[in-house]
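Letter by letter, the chains look like this.
Protein chains: 2
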Amino acid sequence: MRVLGEQELRDIAAGSAVLGTGGGGDPYLGTLVAVRAFQQYGPLKLVTADELDDEAMVVYPFVIGSPVPLIEKFPLGKEMVQAYETLNRFLHGRVQAVMPIEIGGINSMVPFFIAARLGIPVVDGDCMGRAYPEVQLVTLTMYGIGASPFAIADERGNSVVLHTVDNFWAERFARSVAVDMGAICAGAAYPVTGKQVKEAAVLGSISYTERIGRAIREANAAKQDAIAAIVEVTNGVVIFRGKIVDVQRRTSRGWALGEAVLEGMEADAGSQMVVRFQNENLVAIRDGEIVASVPDLITIMDAESGQAITTEHLRYGFRVVVLGIPCDPKWRTPAGIALGGPRHFRYDIDYVPLERRFGRSGQRAGVRGEAGASPSPRAGR
Amino acid sequence: MRVLGEQELRDIAAGSAVLGTGGGGDPYLGTLVAVRAFQQYGPLKLVTADELDDEAMVVYPFVIGSPVPLIEKFPLGKEMVQAYETLNRFLHGRVQAVMPIEIGGINSMVPFFIAARLGIPVVDGDCMGRAYPEVQLVTLTMYGIGASPFAIADERGNSVVLHTVDNFWAERFARSVAVDMGAICAGAAYPVTGKQVKEAAVLGSISYTERIGRAIREANAAKQDAIAAIVEVTNGVVIFRGKIVDVQRRTSRGWALGEAVLEGMEADAGSQMVVRFQNENLVAIRDGEIVASVPDLITIMDAESGQAITTEHLRYGFRVVVLGIPCDPKWRTPAGIALGGPRHFRYDIDYVPLERRFGRSGQRAGVRGEAGASPSPRAGR
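Listed in order, the protein sequences are those of chains Y and B.
Using our numbering, the first residue of the first sequence is number 13, and each one after it goes up by one.
Using our numbering, the first residue of the second sequence is number 13, and each one after it goes up by one.
Excised from the complex, chain Y in its bound form (with noise of 0.2 Å):
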């Protein structure tokens, strides 16, 4: 167990918002929550898995939807609690623990918040080791655990509870119902034990940001290159550096999709790059070709400081680092590959590791990944 003070929350949200893809919510929304909880409740707890017992059972809250109506809604609470509380309920009050369904801005802070009102720990680790704009798309899935029971609430005091065959019929319902509860609501889903945890999760992914952030920190106060020293915590690689020259989005059933631009600049100068996001990036297509894909991580990053930039933050004219990071071991097996990789999102290629294509070594330095642990084929339960 190790206990989080405020240094320590601005470095996981600042490094959460570079795991989140351009997704996961607003990074500084997400240091809002943390400090918030801090300032409100004092130190947080974060456990590792191992200090779990088997039989706690731990549960994910989130939030569910579109992050462009984020910024206007914020701040979330009350819905968050709620919906936390109606899964507890059903779940008979056994809950022990909290956990990030996903390491994004928003959504990695998200369990502090909640950790830290009703006085139990975060797990270190996530379900994701980035995010995802699906809910179903979570190593839990591959190993046959479901959502349900999956709560909702919204900020007037409406709330859902799902019962669903798989966790692809929960993705559809949970969006039909975060649209309707203006497109970002509070979510808490799949109750799982310790056991399972260890097992399905992706581990120490919140002590992985901790450690992004704290470089991003530690290089912006010494004036140093804040952009190699996340190429060093990740294992990433530069896999462009342009100017955005356009971006196009929509939000369409709770997602913003769309594409940003960027035209090369020093070594790229002549090419382009474009970079497909569904609320997450999900391709960087180089002068025609893709390059980088899902389930490998794809983020946007100011060029001086380092600062992840999510999707609904792109604009014209700033000038951006692309950087690939290796995915989590669990996304790179068949049954990965399958959920969360490019032909799930309509890209009918074959999934290249990031490593493979631009030479690096594979081996990942952050995460504790078990890369030999194959999950077990099934999908959802």
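Simulated from the structure, these hints should not be mistaken for lab results.
Bear in mind that the values here come from a model prediction, so they are computed numbers and not experimental data.
Misleading hints may appear alongside valid ones.
Ranges between beta-carbon positions, derived for each pair [stated by the list, open to error]:
id, chain 1, residue 1, chain 2, residue 2, range
1, B, G194, Y, G169, 28 to 34 Å
2, B, G89, Y, R14, 25 to 31 Å
3, Y, R355, B, V15, 46 to 52 Å
Residues of chain B placed beyond 12 Å of chain Y at every Cβ, according to the derived structure [unchecked claim]:
id, residue
4, R22
5, L103
6, G131
7, R184
8, S317
9, Y328
10, R369
Here are some, though not all, of the chain B residues that point toward chain Y, as calculated from beta-carbon distances under 8 Å [to be verified]:
id, residue
11, G54
12, V295
13, I297
14, F370
C-beta atoms are modelled at their ideal positions from N, C-alpha and C, and glycine is treated no differently.
Please build the complex by placing chain B on the supplied structure of chain Y, with the hints as guidance.
What follows is chain B alone, placed relative to chain Y:
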């Protein structure tokens, strides 16, 4: 308590189609549901509201969605039981009786199916005295009674439970989930006490449909005028006789929306009538002027047999009679007109009771209405 046999159930199904005002599902399917329930479980029990304890818990099982896919997806069964049981679990197994939410080809009969299967009685009444296309359009809403908890289930095994701040939100979420489930699914909602049934429901409407159905059957057997027999029982008025010359119908948000155009015959020769519907018939427009509207009932019937024709079965060339039937007195209060009157459906006209326009007495022969009871004007809870 009265025991109903196959003949009574067939009469109820036929009469329900008349009060279904074009919606509420295919009367043939409703008859199938009833007869199947009878054949499988024997005679069915019908109780009056007076026979209910004030504390008895009653719920409303129903089908929600567009009647068009119902034809393909029938028979329903498993999902109806699942919706009911999901709700009953929420209510700690305390449900003692069921009641139709509306009168219509299918939804009048669904409670008999559930009741027969579980060995509980059906209460003689409903919450509309007709059919309406939205779940908040029930007399219960006028009395501040909420739809929640509201259970929804599909044939795959998915279920959803809504807890909403008012019945308009219940409609919104239920509609979205119904669309996701294939535009039609099973619901169970509006848990009420016996005391609330006595005050806020439309009482006696099952017996009323039975009298209508029997009148049609006896008239046809005696080769007499079935339409005249219906007019007699319902205190209705024939507002048009003609031939269908055009039908427009589309399915949107889980509703069958559209209109039928009729060319006048006999006394109405030279005139045109347009009947607009949203699952149910909403307004009848004669030569450009609205001559009948919700909350009064507008039913299109086969001119020969007196069989009601639901909106999904309207076809070019049918010779029909358009019948107007006075609605339950609860709908004629200010709260009732605000909830289910023409302006709710975006017809910017004042509601004029059918009898005022067509010179009838305004006395209702059928349903035991409580004309003096003025519901409190709260809309939902």
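Each hint tested on the structure:
Here the CB-CB span from B/G194 to Y/G169 is close to 29 Å, well matched to the stated 28 to 34 Å. In this structure the hint that B/G89 and Y/R14 lie 25 to 31 Å apart at CB is violated, the actual value being about 54 Å. The given range of 46 to 52 Å is broken by Y/R355 and B/V15, whose C-beta atoms sit roughly 60 Å from each other. No beta-carbon of chain Y is positioned within 12 Å of the beta-carbon of B/R22; the least distance is around 36 Å.
Listed as outside the interface, B/L103 is consistent with that label: its C-beta sits roughly 14 Å from the nearest C-beta of chain Y, beyond the 12 Å cut-off. Here B/G131 stays apart from chain Y, with its beta-carbon at least about 26 Å from theirs, past the 12 Å limit. A beta-carbon of chain Y is positioned within 12 Å of the beta-carbon of B/R184; the least distance is around 5 Å. With 12 Å as the threshold on Cβ separation, the claim that B/S317 sits away from chain Y holds: the shortest Cβ distance comes to roughly 41 Å.
Every Cβ of chain Y is farther than 12 Å from the Cβ of B/Y328; the closest lies at roughly 35 Å, confirming the non-interface assignment. Distance check on B/R369: its Cβ is at least 38 Å (rounded) from any Cβ of chain Y, clearing the 12 Å threshold; non-interface status holds. Nearest Cβ of chain Y to the Cβ of B/G54: about 33 Å, over the 8 Å cut. The hint is violated. Of the supplied interface hints, the one on B/V295 is violated, with its beta-carbon coming no nearer than about 28 Å to a beta-carbon of chain Y, more than 8 Å.
Because the closest C-beta pair between B/I297 and chain Y is about 32 Å apart, greater than 8 Å, the hint is violated. A least Cβ separation of about 41 Å between B/F370 and chain Y goes past the 8 Å threshold, and the interface hint is therefore violated.
When each numbered hint is compared with the structure, violations occur for hints 2, 3, 7, 11, 12, 13, 14.
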